[in-house]
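Turn these sequences into a full structure, and let the hints steer you where they fit.
2 protein chains.
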Amino acid sequence: MQRSIATVSMSGTLIEKLTAIQAAGFDGIEIFENDLLYFDGSPADVRRIAADLGLEITLFQPFRDFEGVSGERLARNLERAKRKFDLMHELGTNRILVCSSASPDTIRDDALIADQLGALALAAQQAGVYAGYEALAWGRHVNSYRHAWRLVDAVNHPNLGLVLDSFHTLAIGDSVDEIAAIPGERIAFVQIADAPKLAMDVLEWSRHYRCFPGQGDFDLAGFTARVVEAGYTGPLSLEIFNDGFRAAPTATTAADGYRSLLLLEEQTRGAMKAAQAGGEARHAGGDAAVALFEPPAAPAHVGFQFLEFAVDDTARAHLADWLGKLGFRQTGRHRSKDVELFQHGDASIVLNAEADSFASAFFQQHGLSLCASAFRVNDARLAFQRAAGFGYAPFSGRVGPNERVLPAVQAPDGSLNYFVDETPDEPTLFEADFVLADRSANEAARGPIAGIDHVCLSLPAASLDTWVLFLRTAFGFEPEPGQLVPDPYGLVRSRALRSRDGSVRVALNASVDRHTAVAEALHTYRGSGLNHVAFHTADIFRAIPHFVARGLPLLKIPRNYYDDLAARYALPDQTIDALYENNILYDRDAQGGEFFHAYTELLDQRFSLEIVERRGGYDGYGAANAAVRLAAQAQQRRHAAR
Amino acid sequence: MQRSIATVSMSGTLIEKLTAIQAAGFDGIEIFENDLLYFDGSPADVRRIAADLGLEITLFQPFRDFEGVSGERLARNLERAKRKFDLMHELGTNRILVCSSASPDTIRDDALIADQLGALALAAQQAGVYAGYEALAWGRHVNSYRHAWRLVDAVNHPNLGLVLDSFHTLAIGDSVDEIAAIPGERIAFVQIADAPKLAMDVLEWSRHYRCFPGQGDFDLAGFTARVVEAGYTGPLSLEIFNDGFRAAPTATTAADGYRSLLLLEEQTRGAMKAAQAGGEARHAGGDAAVALFEPPAAPAHVGFQFLEFAVDDTARAHLADWLGKLGFRQTGRHRSKDVELFQHGDASIVLNAEADSFASAFFQQHGLSLCASAFRVNDARLAFQRAAGFGYAPFSGRVGPNERVLPAVQAPDGSLNYFVDETPDEPTLFEADFVLADRSANEAARGPIAGIDHVCLSLPAASLDTWVLFLRTAFGFEPEPGQLVPDPYGLVRSRALRSRDGSVRVALNASVDRHTAVAEALHTYRGSGLNHVAFHTADIFRAIPHFVARGLPLLKIPRNYYDDLAARYALPDQTIDALYENNILYDRDAQGGEFFHAYTELLDQRFSLEIVERRGGYDGYGAANAAVRLAAQAQQRRHAAR
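Residue numbers (the UniProt record's numbering), protein chains in the order written: chain A, 1 to 642; chain B, 1 to 642.
Watch out, some of these pointers could steer you wrong.
To spell it out: a stretch of chain A is covered by chain B in this simulated footprint if at least three of its residues, at any positions, have a beta carbon under 8 Å from a beta carbon of chain B; those stretches are [to be verified]:
(1) 29-38
(2) 513-525
(3) 546-559
Simulated crosslink set (SDA-like; lysine to any residue; CA at most 20 Å straight-line) [said to hold, decoys possible]:
(4) K197(A) <-> E204(B)
(5) K82(B) <-> K82(A)
(6) K82(A) <-> L571(B)
(7) K337(B) <-> K82(A)
(8) K556(B) <-> E581(B)
Selected chain B positions facing chain A (in silico; Cβ < 10 Å) [to be verified]:
(9) L14
(10) L36
(11) D40
(12) G41
(13) W205
(14) K556
(15) I557
(16) V628
Bear in mind the hints are in silico, worked out from the structure with no lab data behind them. Every residue, glycine too, gets a C-beta built ideally from N, C-alpha and C.
Printed below as a string of structure tokens:
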């Protein structure tokens, strides 16, 4: 399908927007009127610039408050429309969006409105253009696509069609089922927007909180599947009013928008197949009349292969010391590079101090930091092809003789994401690349850590949605609802994603404010960085004393927290005391699942290590305890600053 | 009345909060439970620290989801309450807030709830504490103070009272009238919060958008007047959940909170007088049982006396050149300082280059900037006393022989605000302080500018509310509704205030994002600064060509803007052409009032001068044109950056 985006969806001047839109891969744009008004050049200039970039102007918009008016007002509105039709000729587009009137004095009379839309269709015909009528969710009289369609159908004129917008339909909880029955050629245009589910006025919600498909909570695939089933073959066009996007880097926003459309096409294909399989397809004939993006399926994940830190000698010593206190043992040394492997249970940590490498460049920019994550998947080549197909930059580093070539893409912060698979009867990755220590000694020394539970990253506020899209598109991860967490010095937005099998979990933290722990860590990282790595254990009450005895410095949790736990939950006094003594935080879900977790102090003022135990199917991350942890970390930072 | 604030209302650790609250002048605090949980010390430590600071702990809160439960759950909840009562003894407070249950499984049975609240009252009595029952606006069964009062009244126990919270009452549009009929001694506690009127879910609204009295849209004086009429003599306590305050400097927030209570007390006094005058007072006896703050009344303003810029020689030459192009003439030189006076119509501009002065220090910090504003008032001494009474720092500079001593306070950005009055038969301020040029030459040279229309300031995002409170408390200005304006690189919040007579208007701009014109100007100012000064004229179509002929560089507005004006308004083509040729922006209000305004280019990449003409009672600031202006300024900045 033609992939289009409205200029209002991103920041910058009109020229900056067009350039970024073209670079992202789109072939169409909607010109939002304000962008034209503020442009210091003629509409013909815009036409020429867009043509030079290979961008078709798919739509001009919006035209407001046309219908349901007095006869005198109708004449004025037709005059206004004709001026815009003239402008459209200069601009080189023949489609205009007319949104249902939101004026308080709209006359609520369908027959009158149909007459007036008929007059508009006639004027459009005379000007050689097409008008598309869209129901705004807050339209005064017309606020559903079904109502708008009845009017458009009643007018029955070739120069008047229906405009569908996923937000206006899904925000009011309208059913999408009847879309498939609308003749595709009568649908003038389709606009796509996602949004988080928010309990607020629909107009404010629409103007400030729309987001790209995959970043919000709407079933856009279901919506788009019905559009395709209707036989619509025009553009799918993103129209996103988002306060964050208004201030974010233009090129990144455009690139994310394009990826989000690709993801939507893949999901739409799935939704259509599901409908066909269920015998629900509204349209005979099976395959869609349009081509939809079809990447390799998201890989089945089987867990973290390793986490790789960029270090220098000092940082390596520091981190290796803490890993040792956690019971990790150095189990390998890279065959050709200054890289060491530490393992405990199924958790593998790589410390990379190789000079003149990606890791050393990363270290120079960010200091001690997570420079790569490797994921074990069923088919690494296909997983890589999928990620690259969504436009994430491939990466290849130096490879020594007989060492494994790992396909990788760069994450939004420039760190690497490797895909690793294993072939039976061939050396494993670690066997191929590392000189390994004696395995039996390792097995004998098994400690309480079973593996990596999750990784949490600290991100700049503007890049949270970019990361959500990265993990959804490239990895096929599923997002969980967002959380807002108080730090003593501001708020932190948090959102977790996981692989379908739950074996890989990534939590994202982005600070709303400038002086939270998350924001200050970002500052030391000069960019994004690790917030914490969580290791899981089957017995946290055994593990923690073990680690503390070895000297691991735990984040101290105030006694008052435990007194409140005692009031909230019917926990035995000895459990409360054991939690307090070990600085273990506690959470319980509605089904009685329990979460026990403890944090180390901040390492290098940047990140911490977490030990978690899940019982009874607890599936979250202890969000209820984030505030007490952030307050304790602030306390630690204040002590360190003295 | 006792002035109290909840610890949740500001950022920081508990100790930082207590210190700031004491310094601001409060004598009471509510301990919000989370602040205690995160505190690394015992409740007894908090008691001691608060006592050392002279702060009474007026309340411990919140206790949630107590009532409307099964018998088994009631026993657990009573156990939970008893633990909190123990904690209150350690903390040294005897009052706890119990908010109405928001749990979905609340049993909706008033008789049962009254029984259970009775059990709570008994437990409180046994523990020697008092429980206050508050209706949350989103309470599952009990969500109005009237309902809560019926229950409290039914229990009829001395250890159970009613808690009133202005937000919960006013957010649901409830009438405050019945408050005055509640016996004052049955009101356990009164919480105060203002909020902007927003169309959103009341819980989200309450948790993120509360603000101090005077910063929002609620009639808090009406609410508080009824509370005082009821005979309540306990604390008025601010409880503000505000995302901005969570990240703002703790001391500033606390100081603003204290001022906002003083303002509320003044307004409450007014509301009570008004009710008495109208015969509406619910309580016989006239004067309130409590003392309410009574500052000198807000001054009657009669306009801007002068605006004073901090300059060096280069900046003076630059600004004097532009003022000359606007038809200003140098009309005076200060008797003892390196200060010059420029005038045109009623507009007076002072350029201050005096070495080793406040102005030179201001220039060193901020560069070419507005360092002082002088307001003509009916009584300068009383105006100053009022401002100082609200806690704004007085300022005195050096004064030469026979020069006038001007009372002044420092604004939130450190600039000065002078109050000036005139005594008949005595020299005017300018006559006293300046050697003035021949007045007749001045009169003969009168140009098209009549005076100063308004001043617009650029502020850091966190200080917009601080400024609103400054202008309301110290000056008695009235705020207008806020606006959100798009810049090409983000959003700008804008709010205007004016003196009651409309002779002084100040608009405040604060950038939500980091790369708007407003944010970048703040960066060059290193703090707050002037956005623009608007001068009014009676004939903008005569004025602009006059200024342009003298070489004033106007901000260029794109032709497309005018083509859209032509489509939107039935303006004659020659008017459109004249607007375009003169780069004049146009707005029209619902009553047909018209606004014509043009901007200069940015001076020193910081601020601009605006020429405005108001016709037919137009009373706004052309907010509809802010976006095109910001886009044109962005264009100019891009050109300058090349």
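Quiz prompt | Structure versus earlier hints, numbers of those that do not hold, lowest first | solution = The structure conflicts with hints 5 and 7, although it agrees with all the remaining ones.
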